[in-house]
Amino acid sequence: MIDVINLEKHFGDNKVLNGIDVTINKGDIVVVIGPSGSGKSTFLRCLNCMEDPTGGQIIFNGVDIADLKVDINVHRRHMGMVFQHFNLFNNKTVLQNIMLAPVHLNCKDLKKAKRKNARTKFANLFRSSGNKKPLQEITETKASIIENARTQAMELLSRIGLEDKADVYPSTLSGGQKQRVAIVRSLAMNPDVILFDEPTSALDPEMVGEVLDLMKALAKDGMTMIIVTHEMGFAREVANRVLFIDEGQILESAPPDEFFAHPKNPRLKDFLSKVL
Amino acid sequence: MDNFIQKIEKFIEILIDHKGYIKVLEGLKNTLLIAVLGLIIGIVIGTVIATIRVLPKYKVLPRVLNTICSLYVALFRGTPVVVQLLVFYYVMLPLWNAHMTGVQVAILVFGLNSGAYISEIMRSGILSVDQGQMEAGRAVGLSFGTTMIKIVIPQAVKNILPTLGNEFIALIKETSVVSFVGAADLYVAFNYIGSNSYEFMVPYLTMAIIYIILVLIISLGIKIMERSLRKSDRRH
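One line per chain: the protein sequences are A and B, in this order. Residue numbers 33 to 308, in the numbering used here, belong to the letters of the first sequence in order. Residue numbers 629 to 864, in the numbering used here, belong to the letters of the second sequence in order.
None of these hints come from the bench; they were simulated from the model. Treat the hints with care, as some may be off.
Here are the simulated lysine-lysine pairs, DSS-like style, with alpha carbons at most 30 angstroms apart [to be verified]:
#, chain 1, residue 1, chain 2, residue 2
1, A, 47, B, 859
2, A, 143, A, 124
3, B, 778, A, 174
4, B, 687, A, 101
5, B, 778, A, 146
6, A, 144, B, 687
7, B, 657, B, 778
8, A, 197, B, 786
9, A, 197, B, 685
10, B, 685, A, 140
11, A, 47, B, 687
12, A, 144, A, 165
13, A, 101, A, 58
14, A, 143, B, 778
15, A, 124, B, 657
16, B, 635, A, 148
17, A, 197, B, 851
18, B, 778, A, 140
19, A, 153, A, 140
20, A, 140, B, 851
21, B, 638, A, 124
22, A, 101, A, 164
23, A, 197, B, 859
24, A, 144, B, 778
25, A, 101, B, 685
26, B, 687, A, 140
27, B, 778, A, 101
28, A, 164, A, 140
29, A, 197, A, 248
Chain B is nowhere near these chain A residues, computed Cβ spacing over 10 angstroms in every case [what the hints assert, rightly or not]:
#, residue
30, 105
31, 108
32, 119
33, 123
34, 127
35, 160
36, 182
37, 187
38, 207
We treat Cβ as the ideally placed atom computed from N, Cα and C, and that holds for glycine.
Whole structure, please, built from the sequences with the hints as guidance.
Right, dumping it as structure tokens:
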């Protein structure tokens, strides 16, 4: 689903990513680990062009999204992202946080379809009767879009047990609750893949569990996930592939059993001996 | 003291018997009109400029727009507002062969002028909003503009509301120079009363009090607005 070919990123003279090649298939749960400053977060942020790659290709669903001419917003809809610091919209309630993107983007599509139909209708006036172009079918209205988004948002909230928090602002939530809301916010767009950028690093230890549990549940549902984390136990339990990145390159890529039990790369051996 | 009471009586006579209050009300209306519409135009211009100035700069178009905005801000911050009024009224309008009343010119010039100041205020407001908010908006597929309008600017406005209120207060007081282009504001009204009675002390004192009351009402309004905007920060 995602093919990363020779991905490079440098900030000025500072080379952060030195040619990364990796393929991520549907249903994969890939955990990325590495020492700090190794480029693992940059790698993740390049995948949805939060940072524009300076070289290489990222083929996502058949399109090279590293190309600056591509309308990245269309592809980001299919790529959720969860941040270390949650980044819930502070001026919106929890429910609005989840509904905002689906409602706005679907309404935009609806408007576009309507405009296109109006144009076709006008053009049809000048076409001979056998030559008329058919109109696009519009099944939704603005009200139905909002209603659907609300039902979906409430379903998602009930899944994480926070229905009663629907109308409060994020500032009243605990860290774990914020991160779970952030995860379902990205789920609301029905993404093909979700990128997790150290989702538990800013949490109190006792809240890490609830977030990891939600991520495990997502993994069980077959969601494709790419996770940058320091939770080695989680990586071992959930991942089906673990990548080790250092100095902007993937030094080892293996299933978790092999990765942790028989590391081949000396740099990885050294790293694992420190963290395990 | 007798003298002062006499002066007050004379002032009241002109204010009420000679219909001076109509002039005052009209002046008040014009002053408020120029300040409020000027502020609205200023906020729109200021927000647009501030947004352009925080755009990522690796493409050509944002850079060109950025330069234009810098020039605009330099121009309007670098000249006194009286000069801008005079230039607009006596240079631009004849050049364009256009006809505008003094009030219209004043609204436009004060809008353009405060736009330059508000753009800087707004820019600092936008920069004060956590970068993560923009990233989160972009990550769910919203465009730069949509994220700006729906997420970043509402939070920026909340942060800069006290400063924005300051700008409004300054604007109301600055409008007292619009008589340069023939707009009848509060100053013109009280000047009229003064010159009819050959007595300026009480009219100008009253004018000062009216300005103070206006400013007090505005600061109260800002306080109320701030409280309602802060509701997303409350923890309970």
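Against the structure, the hints:
At most 30 angstroms may separate the alpha-carbon atoms for a hinted pair to count; residue 47(A) and residue 859(B) exceed this at roughly 44 angstroms. Pair hint residue 143(A) plus residue 124(A) holds up; C-alpha atoms about 24 angstroms apart against a cutoff of 30 angstroms. Straight-line distance between C-alpha atoms of residue 778(B) and residue 174(A) comes to about 18 angstroms, which keeps the hinted pair within the 30 angstroms bound. For the hint linking residue 687(B) to residue 101(A), the alpha-carbon distance of about 12 angstroms falls within 30 angstroms, and the restraint holds.
With a C-alpha separation of about 23 angstroms, the suggested pair residue 778(B) and residue 146(A) falls inside the 30 angstroms cut-off, and the hint holds. Under the criterion of a C-alpha separation no larger than 30 angstroms, the hint pairing residue 144(A) with residue 687(B) is consistent with the structure, at around 27 angstroms. Annotation: proposed proximity of residue 657(B) to residue 778(B) is violated, straight-line Cα distance about 34 angstroms (limit 30 angstroms). Taking the CA atoms of residue 197(A) and residue 786(B), the gap is about 23 angstroms. The hint holds against a cut of 30 angstroms.
Restraint check for residue 197(A) and residue 685(B): the C-alpha separation of about 40 angstroms exceeds 30 angstroms, so the hint is violated. With a C-alpha separation of about 27 angstroms, the suggested pairing of residue 685(B) with residue 140(A) holds against the 30 angstroms cut-off. Between residue 47(A) and residue 687(B), the direct Cα distance comes to roughly 22 angstroms. Compliance with the 30 angstroms bound is thereby established for this hinted pair. Distance hint between residue 144(A) and residue 165(A) is fulfilled; the C-alpha atoms sit about 17 angstroms from each other, no more than 30 angstroms.
For the hint pairing residue 101(A) with residue 58(A), the CA-to-CA distance comes to about 26 angstroms; that is within 30 angstroms, so the pair holds. Under the criterion of a C-alpha separation no larger than 30 angstroms, the hint pairing residue 143(A) with residue 778(B) is consistent with the structure, at around 18 angstroms. About 37 angstroms separates the Cα atoms of residue 124(A) and residue 657(B), which puts this hinted pair outside 30 angstroms; it is violated. Taken as a hint, the residue 635(B) and residue 148(A) pair is broken in the structure, with Cα atoms around 73 angstroms apart against an allowance of 30 angstroms.
Proposed proximity of residue 197(A) and residue 851(B) is supported: the alpha carbons are some 29 angstroms apart, at most 30 angstroms. In summary, the hint linking residue 778(B) to residue 140(A) is supported, as the alpha carbons are separated by about 14 angstroms, within the 30 angstroms threshold. For the given pair, residue 153(A) sits about 20 angstroms from residue 140(A) by alpha-carbon distance, which is consistent with the 30 angstroms threshold. Between residue 140(A) and residue 851(B), the direct Cα distance comes to roughly 36 angstroms. Violation of the 30 angstroms bound is thereby established for this hinted pair.
Between residue 638(B) and residue 124(A) the CA atoms are separated by roughly 58 angstroms; this puts the pair beyond 30 angstroms, and the hint is violated. Using a Cα cut-off of 30 angstroms, the hinted pair residue 101(A) and residue 164(A) is violated, with the two alpha carbons roughly 33 angstroms apart. Simply put, residue 197(A) and residue 859(B) have alpha-carbon atoms about 15 angstroms apart, close enough for the 30 angstroms limit, and the pair holds. Restraint check for residue 144(A) and residue 778(B): the C-alpha separation of about 20 angstroms stays at or below 30 angstroms, so the hint holds.
The hinted pair formed by residue 101(A) and residue 685(B) meets the criterion: a straight-line CA distance of about 16 angstroms does not exceed 30 angstroms. A C-alpha spacing of about 26 angstroms is found between residue 687(B) and residue 140(A), which places the hinted pair at or below 30 angstroms, so the restraint holds. Using a Cα cut-off of 30 angstroms, the hinted pair residue 778(B) and residue 101(A) holds, with the two alpha carbons roughly 25 angstroms apart. With a C-alpha separation of about 26 angstroms, the suggested pair residue 164(A) and residue 140(A) falls inside the 30 angstroms cut-off, and the hint holds.
Between residue 197(A) and residue 248(A), the direct Cα distance comes to roughly 23 angstroms. Compliance with the 30 angstroms bound is thereby established for this hinted pair. Not every Cβ of chain B is farther than 10 angstroms from the Cβ of residue 105(A); the closest lies at roughly 5 angstroms, contradicting the non-interface assignment. The Cβ of residue 108(A) sits about 4 angstroms from the closest Cβ of chain B, inside the 10 angstroms cut-off, so the non-interface label is violated. For residue 119(A), the non-interface assignment is contradicted: its Cβ lies about 4 angstroms from the closest Cβ of chain B, within the 10 angstroms cut-off.
Taking the minimum C-beta to C-beta distance to chain B, about 5 angstroms, the non-interface status of residue 123(A) is violated against the 10 angstroms cut. At roughly 13 angstroms from the closest C-beta of chain B, the C-beta of residue 127(A) stays outside 10 angstroms, upholding its exclusion from the interface. Every Cβ of chain B is farther than 10 angstroms from the Cβ of residue 160(A); the closest lies at roughly 40 angstroms, confirming the non-interface assignment. Every C-beta of chain B lies more than 10 angstroms from that of residue 182(A), the closest at about 17 angstroms, which supports listing it as non-interface.
For residue 187(A), the shortest C-beta to C-beta distance to chain B comes to about 18 angstroms, beyond the 10 angstroms cut-off, and the non-interface label holds. Taking the minimum C-beta to C-beta distance to chain B, about 13 angstroms, the non-interface status of residue 207(A) holds against the 10 angstroms cut.
Of the numbered hints given earlier, the model fails hints 1, 7, 9, 15, 16, 20, 21, 22, 30, 31, 32, 33; all others are met.
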